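Chains as they are written, first to last, in the numbering used here: chain A, 1 to 319; chain B, 1 to 319; chain C, 1 to 319; chain D, 1 to 319; chain E, 1 to 319.
If you're looking for bench data, these hints aren't it; they were derived computationally from the structure. Among the hints, erroneous ones may be present.
The list treats identical chains as interchangeable, and a pair is accepted whether it falls inside one copy or across any two copies.
[To be verified] Simulated pairs of lysine to aspartate or glutamate, EDC-like, Cα-Cα distance not exceeding 16 angstroms:
1) Lys260 with Asp318
2) Lys68 with Glu58
3) Lys260 with Glu95
4) Lys123 with Glu158
5) Lys121 with Asp147
6) Lys68 with Glu40
7) Lys68 with Glu231
8) Lys123 with Glu14
9) Lys121 with Asp143
10) Lys284 with Glu115
11) Lys123 with Glu13
12) Lys315 with Asp59
13) Lys314 with Glu48
14) Lys68 with Glu95
For clarity, every value in this text was computed on a predicted model and none was experimentally measured.
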Amino acid sequence: MLTIRRAGANGAEEISREAALEILPRGDAPLWFHFDSPAEDELRFLQENFHIHHLTIEDIVNQNQRPKIEPFEDYVYLAVHLLRREARWQIEPSELDLLIGRGWLISVYYGNISELIDEAKLKQNLLPALGRGADFLLYTLLDLVVDGYFPILDAFEEDIDALEDRLLLRARRGDMNRLLSLKRSLMHVRRAVTPQREILNQLARHDFPFARPESLVYFRDVYDHLIRMAEEIDSLRETLSNVLEIHLASTSNQLNATMKRLTAYGTIFVVITAIAGIYGMNFKFMPELEWRYGYFAVLGVMAAISLGLFVYFKKRGDL
Amino acid sequence: MLTIRRAGANGAEEISREAALEILPRGDAPLWFHFDSPAEDELRFLQENFHIHHLTIEDIVNQNQRPKIEPFEDYVYLAVHLLRREARWQIEPSELDLLIGRGWLISVYYGNISELIDEAKLKQNLLPALGRGADFLLYTLLDLVVDGYFPILDAFEEDIDALEDRLLLRARRGDMNRLLSLKRSLMHVRRAVTPQREILNQLARHDFPFARPESLVYFRDVYDHLIRMAEEIDSLRETLSNVLEIHLASTSNQLNATMKRLTAYGTIFVVITAIAGIYGMNFKFMPELEWRYGYFAVLGVMAAISLGLFVYFKKRGDL
Amino acid sequence: MLTIRRAGANGAEEISREAALEILPRGDAPLWFHFDSPAEDELRFLQENFHIHHLTIEDIVNQNQRPKIEPFEDYVYLAVHLLRREARWQIEPSELDLLIGRGWLISVYYGNISELIDEAKLKQNLLPALGRGADFLLYTLLDLVVDGYFPILDAFEEDIDALEDRLLLRARRGDMNRLLSLKRSLMHVRRAVTPQREILNQLARHDFPFARPESLVYFRDVYDHLIRMAEEIDSLRETLSNVLEIHLASTSNQLNATMKRLTAYGTIFVVITAIAGIYGMNFKFMPELEWRYGYFAVLGVMAAISLGLFVYFKKRGDL
Amino acid sequence: MLTIRRAGANGAEEISREAALEILPRGDAPLWFHFDSPAEDELRFLQENFHIHHLTIEDIVNQNQRPKIEPFEDYVYLAVHLLRREARWQIEPSELDLLIGRGWLISVYYGNISELIDEAKLKQNLLPALGRGADFLLYTLLDLVVDGYFPILDAFEEDIDALEDRLLLRARRGDMNRLLSLKRSLMHVRRAVTPQREILNQLARHDFPFARPESLVYFRDVYDHLIRMAEEIDSLRETLSNVLEIHLASTSNQLNATMKRLTAYGTIFVVITAIAGIYGMNFKFMPELEWRYGYFAVLGVMAAISLGLFVYFKKRGDL
Amino acid sequence: MLTIRRAGANGAEEISREAALEILPRGDAPLWFHFDSPAEDELRFLQENFHIHHLTIEDIVNQNQRPKIEPFEDYVYLAVHLLRREARWQIEPSELDLLIGRGWLISVYYGNISELIDEAKLKQNLLPALGRGADFLLYTLLDLVVDGYFPILDAFEEDIDALEDRLLLRARRGDMNRLLSLKRSLMHVRRAVTPQREILNQLARHDFPFARPESLVYFRDVYDHLIRMAEEIDSLRETLSNVLEIHLASTSNQLNATMKRLTAYGTIFVVITAIAGIYGMNFKFMPELEWRYGYFAVLGVMAAISLGLFVYFKKRGDL
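Sequences and hints are given; from them, build the entire structure.
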């Protein structure tokens, strides 16, 4: 479905294809063509009226691009990624294609873009932006896309904090797998953010013929957001590595402590058993057995040895 | 075996060496010379008629080049790698040599190239491409080569997913070796992909005299594919590292749990044995032995201690 | 709250807004506007009289910038970070915004800046600096900010040294978490220091129109401090990694030693118990049992075996 | 010992110092001066007639240079490394010094260079190369040096493969040290190869006045060899790391399996011992002892428990 | 203390401040001002007569600079580090400040510089160098500083070799801490060497107005030394990492072997104990007990089982 909007004197209004094609060559008002899951004939309309290279059309249709920016003679093509949190630790990127030319912006999205472009945002952000030019609309859209990343990163941060607390205190079965999932999702986010940062960097530095110099500062603003985001992602990744490393160290420590305790208790009881075994032997002549208080003496010796060892191990810190 | 094809008005047709040598200096139709495991005299034909540097001939004959691009005065030499999956975890690269000059393209392959250039692809892709020029034929061949990588990467991804599931749940003997094999094959793939990415980057950026400006965007398209592939390889490698790391962590955890269980059960039985040992001693005077219910009392004490320890360890999470 | 200071013949003096606005266009005396948690109308005053871009205003109000430098047409905007040690291992960055134009400097801080700009520093450093120009005041402020990092780094170094001693000798419960906290705080410090280093590098290399050439050497001085600091941070981080690594290695060593001791003692007592068990059997015909000195012979054998094993294990270094 | 060779119409011939000094200024025939462990006076001859900087002379005499290239006004100085495999895992680099000027090449080697320059290679490669110019002789020498690396790398690859097989199946005492030796030797090789790669890169890219443009392609050829070699070294190093990592993981796995088996068997026998201990107690009144088939019943219970535990552990995969 | 030396026709001679100030503007003889722990008035003399920036003076006085090079209008300021081995594994850097202008060199050192500049070196190296120009004296001083690093690195290499041998065979208590100390000291050395390498690189590449083109080759010579040194440091660091890694692997191996031995011996004795326990039971009716050779039969069974298990474990490689 194709929606065409024109920035006019009193706000933006939807116009028909014919009206748009009439305005286009005059270039006296910025136009925004939004294709929602375009049909075959809409793509043809796109290709014929805007001289879009067929490789760009392929990129749009295939929808598995990494974020990129590609300047062509008459327009610049951008593929950016929206991120959606499908499940708790699953991030699904979806592609938004943007084409900007002199006086017009084309956006193409397959599926329901309502979370990016809803009534409220249209009124408050996008339509006023259209009024300030196609490049400003581009900035506004990119800004909205990047703003959508922040809640995802925040959720990550929370999850990682929770996981960290659990892993350092008492790891549960499955926490390791969760850590792996988190690492992977984070990698997906990074693969969306990093190239987009480069895109914004290019937009902010080189002036493309379709971006006015006074708009560059806005792209730099989005670029700053992405830098901060990339840093946060790196720091989250490092936290995950740290947590794993320290979990390993603490497991290793606990193992050591367990082994020491095992040695200590084992030694105590094994000594008692050995002594008891000795006096359980059936030799004819074992003088101690005849003693009146032999039994109590041995019990006493056992208790004394046990206590002695216990204190000894306690002092060494083994128990 | 040498096959020469000419792009004519009505499709491409095979022509003889003599006809080709006649057309070559006129340059009015793109020519494609495909050498299939060339014989001595065919290499001589190549060298004499195209002024190919003898180092290039050596590179073609030796066949153990890494992917590279080398511009010469009259032509550009490219060595690219086809990848074939020999066995489950074994990747075999084979070299395809490409030489492009003004109006002609030479391809040399030792062995059976049918999987790259079969009847169907010839008709549908390659011969039409020849009609659009030698540089477009070069693009089409490179595109086919790179497209051949994707199923290999997909198979890798599947294998790694399966290995990951097994390693995290219950590692089998040999899984470690499998992981090593996978890492190595992946390294081979990367060593094919990374330099090829650079080759395409050069093709897409600098305009070689034999590539028309309007073809650059096509090389950039293949370049994009290779970037995405290289990223995927890196992510697979990271996954393998993660899996190994987390497998180690979980092994370490299990070891800890096993040790704790060992301590716990051991302590319980060792106490029972020690007590039994004490009452197995043969002292003359052991008052408990005379008691009517001494035996049952001791059994009771043993049961009580066992239960007490059991509950204690259960609570601590050791059992 | 807005405080305006002017560098005059006899020291700096506070002046009113009106006086400042009069001096501003003449540019005959450097002016310093310090906004302390500016109110709405003060921000408006800022925006109206200095042609500050509204994105800069947003950056100032939002207060969650990473350190950055942004040149605009009429001014350069800098966001730098003060670091405050909230708790033992918790570093809280707070933002100081600086804007420098031709002949004036604006500083904005939310909260109590008394630790950076107190009476003493005002008299001794800042007001004299104002007398030497806005760029020199900028240098002085940056120098004070960076000087404030050193005690924090020193405290880190002490903490890490203490932790290291403990971890290598006898790790206490919680030391691992402390190590994690330290690593994280250090990361926060690094995230403040590294971009600031780049800012100072830019200030020292490119001459911004508002910085006189003879001031560049001062910015280079602060830049040197930040380089040294960044190196120290890196070295502290490496120390932490080393400590962890060596703690792991030493834990692993101790574990090994414990296991060897366990094997050794266990073997000794298990042999005694087995021998005792044999002579505790109730067979009718066991000749040794009848012997006069059988019991003592067995005791002797036990002692001999124990001693033999003890010496053997001692020699092997297992005990 | 100094050998001077001149490229003449009918092959190269040895000439005297005087003849050489006569030809040198005319520059009508390429000359090759080879110094074999030069004596004091030969070095003086070198310095006086070729205006060699005394730092170069020092570099030649000291013989502990890392590979480097240094352009001087009248000549270019290269230090390259021959590699010799002294013992199984020991690589000894030896330095070959090369100086190339307009029309002449000087080579200096201390010791026996016969493995690089023997009769066969002289006739087949070097003397014909001299006929094609000093720069071509330089290329031929460098090519021979680099070709000498390949058998060493191949031997490494074999050793590493053998070590890998052993480490993953059943590590022998000393394999770890072997791994360390291999890593170190590999590092030595890398320290020879990496700077040489840079040297060849410079030779192939910048045209030194003494290298004709048509020779550059030959240097690029050697450069390609060195790139491939450097990649192979990196891949061998990574293999060694992988082997170590996976050896650790598999050791850790085996440890875990051993502990589980220990727990399992230990539990079975400890239960039997505890039961036997109970019926070994000497209480007066123990009804089971009086039973006719008490003994067999207990034996049966023991067998049943053992079997039960055995099956249980087998099912859990502990045995 | 200030010593001024002038290069004259017949060697260098010490001159007075007044004579120096007279020569300075004429610039007809290179002058060397060496300040040994300069007093207040000597620093003033420095500042007044050489137009030294007060930041440089501060850098000289503070003495905690990292090595750096800073060009000023009339001179270039260098801070380099001497290294002294205080204790076995403790490296103490001390700063040498060098200022070079047109025709003069200033060196400032706090403390006893006799190990760098003693009578012998003065006569043999430094004074002749002064005769060849201030830049040549600078080179000679830097060369001496860098030459002083080599014995330290050699000592490191020896220590690391010794530590390595011990760690791989039989680690002693404290070896781990030694490794940590070594790593740290090495880091200190690297922090001295790496920036100095950059300094020499700058000296060798850019021609500062105070360095004659023919001197550049000398600075390049020192630069080469520093490169080699930096490589050696990196290789030592890698060796330390390797040693630690392999020590861990071998500890882990030993642990595994110990556990296997424990399982094996434990199993043997626990079986004996269990059998003995069975025949120690006091059942009324135990037919074996009545047998004539029951005891010997059981002893035989025990021996047979022990031997069988022993052979079995030996074959599996557990013992």
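Next item on the list: Could you tell me which of the hints above the structure violates, numbers in ascending order?
Entry: 3, 4, 6, 10, 12, 13
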